[in-house]
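Peer 1: Sequence:
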Amino acid sequence: MTAEISNEPVVHANVERRPWYRIEDYLTIFIAIFIIGSVGLWSWMMRPENYPELVAQSTMVKQQIAKLDATSESYPEEKKALEAEAKAIESKLAPMPFKNWLVRPGDWKSNPLDAFQKKGVPIYSGLAITFVVLMVVLMFAVRVMGKSAIRFAIAFTCVFLMAILSYVLAGQDVIKAYNLEYALWALLLGLLVSNTTGLPDWLEPGARTELYIKTGLVLLGAEVLFNKLLALGLPGILISWVVTPVVLISTYLFGQYVLKIPSKSLNMVISADMSVCGVSAAVATAAACKAKKEELSLAIGLSLIFTVIMIVVQPYVVAWSGMGEIIGGAWIGGTIDSTGAVAAAGELVGDKAKDVAATVKMIQNILIGVIAFGVALYWVSFVERDATSKRPQISEVWKRFPRFTLGFLGVSLVLSYVQSYGIEGRMFVSSIVDGATKSIREWLFCLAFVSIGLESNFREYKHMLASGKPVVLYIVGQAFNLTLSFLMAWFVFTKLYPNAMELLYK
Numbered sequence: 057m058t059a060e061i062s063n064e065p066v067v068h069a070n071v072e073r074r075p076w077y078r079i080e081d082y083l084t085i086f087i088a089i090f091i092i093g094s095v096g097l098w099s100w101m102m103r104p105e106n107y108p109e110l111v112a113q114s115t116m117v118k119q120q121i122a123k124l125d126a127t128s129e130s131y132p133e134e135k136k137a138l139e140a141e142a143k144a145i146e147s148k149l150a151p152m153p154f155k156n157w158l159v160r161p162g163d164w165k166s167n168p169l170d171a172f173q174k175k176g177v178p179i180y181s182g183l184a185i186t187f188v189v190l191m192v193v194l195m196f197a198v199r200v201m202g203k204s205a206i207r208f209a210i211a212f213t214c215v216f217l218m219a220i221l222s223y224v225l226a227g228q229d230v231i232k233a234y235n236l237e238y239a240l241w242a243l244l245l246g247l248l249v250s251n252t253t254g255l256p257d258w259l260e261p262g263a264r265t266e267l268y269i270k271t272g273l274v275l276l277g278a279e280v281l282f283n284k285l286l287a288l289g290l291p292g293i294l295i296s297w298v299v300t301p302v303v304l305i306s307t308y309l310f311g312q313y314v315l316k317i318p319s320k321s322l323n324m325v326i327s328a329d330m331s332v333c334g335v336s337a338a339v340a341t342a343a344a345c346k347a348k349k350e351e352l353s354l355a356i357g358l359s360l361i362f363t364v365i366m367i368v369v370q371p372y373v374v375a376w377s378g379m380g381e382i383i384g385g386a387w388i389g390g391t392i393d394s395t396g397a398v399a400a401a402g403e404l405v406g407d408k409a410k411d412v413a414a415t416v417k418m419i420q421n422i423l424i425g426v427i428a429f430g431v432a433l434y435w436v437s438f439v440e441r442d443a444t445s446k447r448p449q450i451s452e453v454w455k456r457f458p459r460f461t462l463g464f465l466g467v468s469l470v471l472s473y474v475q476s477y478g479i480e481g482r483m484f485v486s487s488i489v490d491g492a493t494k495s496i497r498e499w500l501f502c503l504a505f506v507s508i509g510l511e512s513n514f515r516e517y518k519h520m521l522a523s524g525k526p527v528v529l530y531i532v533g534q535a536f537n538l539t540l541s542f543l544m545a546w547f548v549f550t551k552l553y554p555n556a557m558e559l560l561y562k
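Counting in the numbering used here, the sequence shown runs from 57 upward without gaps.
Worth flagging that the hints you see were computed from the coordinates, not collected in a lab. Model, not experiment: these values are computed from the prediction. Any given hint could turn out to be false.
[To be verified] Under the rule of at most 30 Å between Cα atoms (straight-line distance), these lysine-lysine pairs were calculated in the DSS-like manner:
id, residue 1, residue 2
1, K143, K203
2, K118, K349
3, K174, K143
4, K143, K118
5, K155, K165
6, K118, K135
7, K349, K174
Given the sequences, and given the hints that come with them, work out the whole structure.
Peer 2: Structure below.
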């Protein structure tokens, strides 16, 4: 017997009837803060005894590098030696005790077992630790929400094994060369199960898409720091914060008044997924407009398919057109949905393109909470309100608002503040993010993609895809996004701020 796939809204109408500490959004914030706090405390305790001396050494080396950069003459060998020295010092300033414990399968050519080796050392114990850490914290959340922790643990084991297989497939050299990331394989593996045997009853408790991805999104806040916004400044804001809402609103209006898509929530989720930042925005927006799970899954599926295409095509367009690394990187960062895919595509163009693309995408990611609030406000004010209804109260918007996005913004603000405290703050944040939370976040996203596949059945999509309107909406919206993002990047970096990137790399 297989479980019925639920098409209930992503946010349930009776969510407020439960105690606040049993609500999933709050639990995901608590789990993420617990992880960040635990890693930060442990890393702080692991600081070397000569920490102040190392800080002074690092500052001195940085000053020497700055002096070399300020001179008209070139000293490549001396600069390279100083940069290596600075990197060695910083590795001591940012202890990462969890880095070798939280691992994932790596690259391989012909033997899949090579994926479980890191520099010749097996990583099985690290995978076991990763599994236990994730299962314990997630079991806690499931139990608090009133579900069976034992049933979840059994199902989670299978979902985790599927996530491991996703990483293994993505790590194969040929597959990796085409940038077919773990997210795609995780989704395909889940779809393979749900569309052949169906989702078994015993596996259903482990397919908790929202729990995984919401926790991962709060952890993502540790990576989306406001120094990125300040580094690129107004050019990055114009590219990310002007283009994105224009594309979102225009695409939604196109879906409503031209394509006349019956489901407004499907229209909104696809529009946000395509225009903001892919899966993260889709989940936040789906919660704000009470989209059905099948609508969220369809939007994410479309996003992944077109992301794969754009990763391959856009770098070649940049090279063929001669638009340059800076404009090309900004164009890639403003249009490709996934943050990881943006970095991969930017790297194919060049190092500067990669940096600009990643920075633009991070600035765009900051909009997640703002967009979610705007959608929640619009939905209760216009979509679900008829002519005889009273003016909606702020409490109604609050009920609809995806509160986990507050965790995302809170973590981002706090760690941005910590990072502003010179090299000590920067190294402390690095020990948290690079040492643990980034790895955990990637695992949670992988588990979420497996779960999306498990909860999706092609039969459910027939009525939505029969007209082809969702696909047309995505293609037209993305075409508009590509055009407007390029024009804005070209205008900003050639007309308004032609010296912006020189200042950034100085």
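Peer 1: Where does the structure disagree with the numbered hints, that is, which hint numbers, in rising order?
Peer 2: 1, 2 and 7
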